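Once you've looked at the hints, dock chain B against the given chain A.
Here is how the chains run, residue by residue.
Protein chains: 2
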Amino acid sequence: MNEVDFIAALRKLPLHPGAHDLRDDNATIGGLTVTTDTIVEGVHFLPDDPPGDVAWKLIAVNLSDLAAKGARIEGVLLNYPLSSDAWDRAFLDGLRAALDTFGCALIGGDTVSLPANAPRVLTLTAIGRDAPAPLRSGARAGDELWVTGTIGDAGAGLRVAQGTPGPQALLARYRRPTPRLAEGFRLAPLVHAMMDVSDGLLIDAGRMAAASGLAVTVELAAIPLSAEYLAYAGAGLAAHLAAATAGDDYELLFALPKGDEPPVGALSVGRFAAGSGIALTWQGASVPLPANLGFQH
Amino acid sequence: MNEVDFIAALRKLPLHPGAHDLRDDNATIGGLTVTTDTIVEGVHFLPDDPPGDVAWKLIAVNLSDLAAKGARIEGVLLNYPLSSDAWDRAFLDGLRAALDTFGCALIGGDTVSLPANAPRVLTLTAIGRDAPAPLRSGARAGDELWVTGTIGDAGAGLRVAQGTPGPQALLARYRRPTPRLAEGFRLAPLVHAMMDVSDGLLIDAGRMAAASGLAVTVELAAIPLSAEYLAYAGAGLAAHLAAATAGDDYELLFALPKGDEPPVGALSVGRFAAGSGIALTWQGASVPLPANLGFQH
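Chains as they are written, first to last, in the numbering used here: chain A, 189 to 485; chain B, 189 to 485.
Same shape as in the complex, but just chain A (with noise of 0.2 Å):
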């Protein structure tokens, strides 16, 4: 089954209310929220990345979904595949390194062996508290949706780390992405809707905008670029296209009412309005939409 499908029937299974139907990618359990990601060798990671970059991995992309309900982290849940020696202690240090830097604690988790040869999948549990933040369901017709930081660098990053020359910045980018708690603390209060941008820009606006019940037209020239990337893959419209296509940025994205200003560095880069769907501008013209709107699982 694809994932759209395999969700729609786990909605018809008995849902705990703090499950907001399986829209949000978060959960709420007396005062706590709550987050799970899974990532898989040779899908999510490639496998020869650093196992001390899939740790850090591992750990961002589970608070990042933290930052964008501007939760407290209170700690994490580790489900491990046992292996090498060599790889485990990798991976021990680089997970040590991530929860060093972001005040995060082990709670607990699982080791399991996998049958020889199998790809590595590995599971992990986040849990925050005090979070402020709506659910991405809560942009309104006239809101404008917003991104802080700079989009693209990763699935640049990614194409580096698959051999084509480019800035290691990028691929730092790729291999330990940033979770925005601190920024998720300061607009948690303020905005209608946020959500951290996992498998692109284009779709998770577009996933925001169909939770919400809105439209939302996004301006491409508006997104915001960094200078390695530009210098990489130029400024016109394909390389804003590619970026906002690309995966593994963890930025925020939110809604804000229209002449609001985020008390974070952010750039606006649409808006939402009545209807249904994304819809695309270069520059204020029209601009069909691509094949694909970022990662499909």
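Simulated from the structure, these hints should not be mistaken for laboratory data.
Quick caveat, the model's predicted, so the values are computed rather than measured.
Errors might be hidden in some of the hints.
[Claimed, not checked] Computed from the model, here is a short list of chain B residues facing chain A with C-beta under 7 Å: (1) MET189; (2) GLU191; (3) GLY218; (4) THR224; (5) ASP225; (6) GLY230; (7) PRO303; (8) ALA304; (9) ASN305; (10) ALA306.
[Said to hold, decoys possible] Covered stretches of chain B, as calculated for chain A (at least 3 residues, CB under 8 Å): (11) 202 to 216; (12) 278 to 286.
From the three backbone atoms N, C-alpha and C, an ideal C-beta is built for every residue, glycine too.
Relative to the frame of chain A, chain B by itself:
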């Protein structure tokens, strides 16, 4: 690395106070009890096990950890690898059956794709509340060791699943274990220590003794065996030893002060004393330890 070394390394990372130094199957956080288990195709279940039974078992093994704390079930998060329509639909049927049977709700989760031919890896995280049971480390010298239900059925059922002729009742114990939730509620306020028997009675009794800083002696002849198991495996020392070292029972193992009678069906199978390690007797006479005390990951 092996599991023991890896968990020892994890203990050197920043730990949450509710992690109980990673010495229990459950963590405590904000009044909630959290446990997580991963099961792997070819390791924890057979590739030709019915998908609905895999779903059931995934739920049951996690709820069994909540049962060992006497927790009320809040719900579960599922990390699921999408596969064929037929497998996924049969899994969903078993998931619904287990959720309905145990009065459990879905809180959230994540779906991923695996590379072609990769063994399925499934994770469930179960959350409970109001868990009065002490840790597995609470046993005291002089306490008796008790176990609910019958032991060894699931281990024999695994051999039936692998093709050895045997009763369907044993196969059912292997494929659709029952977490002892009602027993856990009643026992939790009374016991000094409690855990579920997941890897084998002997290995788990040894873990409870080690966590409590005690020695334990198990009387093999006292281990409760079902009529089906006795008919299948015979009644001698070898049959009791096989039952006591087989996994997947999901009965409750608990320590009570000498003389106390538990309010649920259970049998006394051993005694804690000052010291360390596990010793075995058969009708009162000392018996050497087998090479394997249970399922080792």
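Hint by hint, here is what the structure shows:
A least Cβ separation of about 4 Å between MET189 (chain B) and chain A falls short of the 7 Å threshold, and the interface hint therefore holds. Because the closest C-beta pair between GLU191 (chain B) and chain A is about 5 Å apart, less than 7 Å, the hint holds. At about 5 Å, the closest approach between the beta carbon of GLY218 (chain B) and any beta carbon in chain A falls short of 7 Å, and the interface hint on this residue holds. The criterion of a C-beta within 7 Å of any C-beta in chain A is met by THR224 (chain B), whose closest approach is roughly 5 Å, and the hint holds.
At its closest, the beta carbon of ASP225 (chain B) sits 5 Å from a beta carbon of chain A; the interface hint therefore holds under the 7 Å criterion. For GLY230 (chain B), the interface hint holds, since its Cβ comes within 7 Å of a Cβ in chain A; the closest pair sits about 5 Å apart. The beta carbon of PRO303 (chain B) is positioned within 7 Å of a beta carbon in chain A (closest approach about 5 Å), and the interface hint is therefore held. Given hint, ALA304 (chain B) at the interface with chain A, is violated; its Cβ is 10 Å from that chain's nearest Cβ, farther than 7 Å.
Checking ASN305 (chain B) against chain A: minimum C-beta separation of about 9 Å lies over 7 Å; hint violated. With its C-beta approaching chain A no nearer than about 5 Å, ALA306 (chain B) sits inside the 7 Å limit, and its interface hint holds. By the rule of at least three residues with a Cβ nearer than 8 Å to a Cβ of chain A, the coverage given for the segment 202 to 216 of chain B holds, with 8 such residues. Coverage of the segment 278 to 286 of chain B by chain A holds [criterion: at least 3 residues with CB-CB distance below 8 Å; count 3].
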